[in-house]
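Knowing the structure of chain A, use the given hints to seat chains B and C on it.
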Amino acid sequence: MIAVSGLRFRYAGSERPALDGLDLSIGAGEFVGVVGANGAGKSTLCYTLTGYIPHFYAGTLEGDVLVAGHEVRRTPVSELASDAGLVFHNPFNQISGARYTVLEEVAFGLENLGLDPDAMRQQAHAALLATGLADLAGRSPFTLSGGEQQRLAVAAVMAMQPRVLVLDEPTSQLDPAGTRAIFEVLRSLARTRQTTIVITEHKLGWLASFVDRLLVLHDGQLVADGAPRQVLSEAATQPWGVGATNYTRAALEARQRGLLPSAGDLLPVTLEQALETLR
Amino acid sequence: MDSLKRDFNTVTLVMIPVAIAINIAVGQLALLIKVPLYLDSIGTILVGVLAGPWAGALTGFISNFIWTIAGWYTPAIAFAGVAAIIGALAGIFGRAGWPNVWWKAILAGLITGLIAAIISAPIATYVFGGVMGSGTDAIVAMARSVGLDSLGANIAQGTFSDPMDKMATYLVVFLVLRALPLRFLARFTNLKARS
Amino acid sequence: MSEPVRRPSAIEALHPLTKLALMLAAVVAGAALPTIPAVLGVFVLLLVPLAVAGGCLRPFLRTCLRVLTPFLISLLLIQGFFTPGPTVLLRLGPFRYTLEGLLVGLLFSARLLVGMGAATLLMLVTRPDALMRGLVERGLPNQIAYIVITALQIVPTFQARARSILDAQRSRGLETEGPLTVRLRAFAPLVGPLILSSLMQIEERAIALEARAFNRPGRRTSLVALHDTRAQGLLRWALLAAALALVAARLVLWRTA
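Sequences listed follow chains A, B and C, in order.
Note that my numbering gives residue 132 to position 132 of the first sequence, counting from 1, and the numbers run on in steps of one.
Every number in my numbering is 1000 more than the matching position in the second sequence, counting from 1.
Every number in my numbering is 2000 more than the matching position in the third sequence, counting from 1.
No lab work stands behind these hints, which were simulated from the structure alone.
None of these values were measured; they are calculated from a predicted model.
Among the hints, erroneous ones may be present.
In silico DMTMM-like pairs for lysine to aspartate or glutamate, Cα to Cα no more than 25 Å straight-line [said to hold, decoys possible]:
(1) A:Lys203 - A:Glu234
(2) A:Lys203 - A:Glu184
(3) A:Lys203 - A:Asp219
(4) A:Lys203 - A:Glu253
(5) B:Lys1034 - C:Glu2177
(6) A:Lys203 - A:Asp116
(7) B:Lys1034 - C:Asp2167
(8) A:Lys203 - A:Glu169
(9) B:Lys1034 - C:Glu2175
(10) A:Lys203 - C:Glu2175
(11) A:Lys203 - A:Glu30
(12) A:Lys203 - A:Asp118
Excised from the complex, chain A in its bound form (with noise of 0.2 Å):
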């Protein structure tokens, strides 16, 4: 669904490149997630996948990127839009503005792509039963609190059903239980329609329960890639500015204090796989 190869990017005026050499593959329905430290290129990369690089940010592109069957540098970004999804992490600017209630809100997309009125109504409603806005349905954007209007922009653009979904921080103002239901909801787009997710996240712990694949990119370069677990446990001990979640944090304090031996096992990263660890 996704096929990247030497990718390179620089902004205009910049003299680092922010992407510096990415071969990436992601197949239909999975579910991946993006870490790096602030600078690593992941919103760039964000933007890239949709088309917003290189046609609303202006600088030099090479490589060749390949999504949903389209290729990104020849596709207009209204064109691209209907099968690969952007939403970002300031909910306010994600309000279109143009439509006075959340329906209606949701449903401008659909619109915009010519779709008819009972079909519209029925992606709409599905979009907002599974963002859990039903109840707001009748109610101005502009009324909601900062993380609904965060869903509301995941419902949106869910709505128009797009083969590739991708997240730039959509959680970063939202509190748990509004950042549960996200990701609860991305899961069951990748499981039941086969939506390629991609999501660039700093909340480890979340990833480590939802993504099924986790990418690593440090200086504009991605320095590792696989499963949540194993990625993170690496990442730990590398300077890549991730981070790590506190159970890792304790198991590597742990190890330091002769606690668990000091090699072997992966990390844990969960609460789950922390209490495994201790076993």
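Okay, now just chains B and C, sitting in the frame of chain A:
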């Protein structure tokens, strides 16, 4: 990249409602702090300068339309044409690079204010009977008491208030342009680049 | 911003363009008719019954009063004292208040009452997005509708933002009261952050709009359909014809009004 400029008139489109909201919010702030200026066309002029005369004219026109239909100031729609002209002028001044030089910016404000006054006067005279229901009517009364007719009195009143307001507005625009990151300004082709 | 009154009314069920046509016809009539009673007749016989049918008579009259009163006062004073005429009603020093001036003032007031009343009534009985949808169906570019509705919706957010910047700066000791120079100097730290932060949001808002395929070429559809009837279509044409007739009459028959 050509597609950048071509496809992304979306940026201009999205800027217009934001500019209208700036017009309204700053205009109300001026009333709140009791500053004796309207300062309700900063957004219009900013759009004109950055995105060109048509975008500026559209911003001004719709701005006045919205003052009326939202019920904040019902008479506004009668002056939508004036607001459009102010926006268009901003586009022309932008192309010539005036808003980037402080004294040229103020001069642009003076010219805009005078033109706005001259075009508003007939509207005030023939639509509103020569009054606007506000404090500026005192100036109109004074002008009439020395013998000016309704149109003349309104021109006099406008020449007193509008240039001051527009010069202050252009000064604000000048300062805003200096504070904006170059990366953002690079998206707009109308404003002649700073040398 | 005024919202249509909650009680369902016959007026609200009308197609938005029908309501627009009614109000425009009222404005034209108010501007074209030559005498004070005729113009007031438009208000009393057309606008007021429509307001009653729309279930919003009180807010309508209240707003009309609020908007018209400053004009009425200024008009009666300035036109009364400064319009030349033979029938003097009052002398105040060198100034003469004439009957002719009073009548001119009243006529302008009546016309303004109709004009501003029509605009007010239209927005009391019509949702802005319904009005825009109606116009888009008839050919108004989508972009214009987007601008109008979005501006209406984000203004309250901006007002709130301006307020919170004002409060924050005041609590940091910014003086906003006192002599004019103080107040003017207070303006920069208030307006600067508001404008700059608003402009910086524009890029993301543009991306969000693109993400909804807003610029996609091709047919657009609508979730909600506006209800129109043949009778209303005919009414709109009739109103247009009436408006044109009034304009012609004004230009030809009633020239001196």
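Status of each hint after checking the structure:
1. For the suggested pair lysine 203 of chain A and glutamate 234 of chain A, the alpha carbons sit about 17 Å apart, so the restraint of at most 25 Å is met.
2. With a C-alpha separation of about 15 Å, the suggested pairing of lysine 203 of chain A with glutamate 184 of chain A holds against the 25 Å cut-off.
3. Pair hint lysine 203 of chain A plus aspartate 219 of chain A holds up; C-alpha atoms about 20 Å apart against a cutoff of 25 Å.
4. Between the alpha carbons of lysine 203 of chain A and glutamate 253 of chain A the distance comes to roughly 21 Å, so the proposed pair stays at or under 25 Å and holds.
5. Distance check on the hinted pair: lysine 1034 of chain B and glutamate 2177 of chain C sit about 9 Å apart at the alpha-carbon level, within 25 Å; holds.
6. Of the pairs offered as hints, the one joining lysine 203 of chain A and aspartate 116 of chain A is violated, with about 39 Å between alpha carbons and a cut-off of 25 Å exceeded.
7. The hinted pair formed by lysine 1034 of chain B and aspartate 2167 of chain C meets the criterion: a straight-line CA distance of about 16 Å does not exceed 25 Å.
8. Simply put, lysine 203 of chain A and glutamate 169 of chain A have alpha-carbon atoms about 9 Å apart, close enough for the 25 Å limit, and the pair holds.
9. For the suggested pair lysine 1034 of chain B and glutamate 2175 of chain C, the alpha carbons sit about 13 Å apart, so the restraint of at most 25 Å is met.
10. Under the criterion of a C-alpha separation no larger than 25 Å, the hint pairing lysine 203 of chain A with glutamate 2175 of chain C is inconsistent with the structure, at around 43 Å.
11. With a CA separation close to 19 Å, the supplied pair lysine 203 of chain A and glutamate 30 of chain A stays within the 25 Å bound.
12. Taking the CA atoms of lysine 203 of chain A and aspartate 118 of chain A, the gap is near 38 Å; set against the 25 Å cutoff, the hint is violated.
Checked against the numbered hints above, the structure breaks hints 6, 10, 12 and satisfies the rest.
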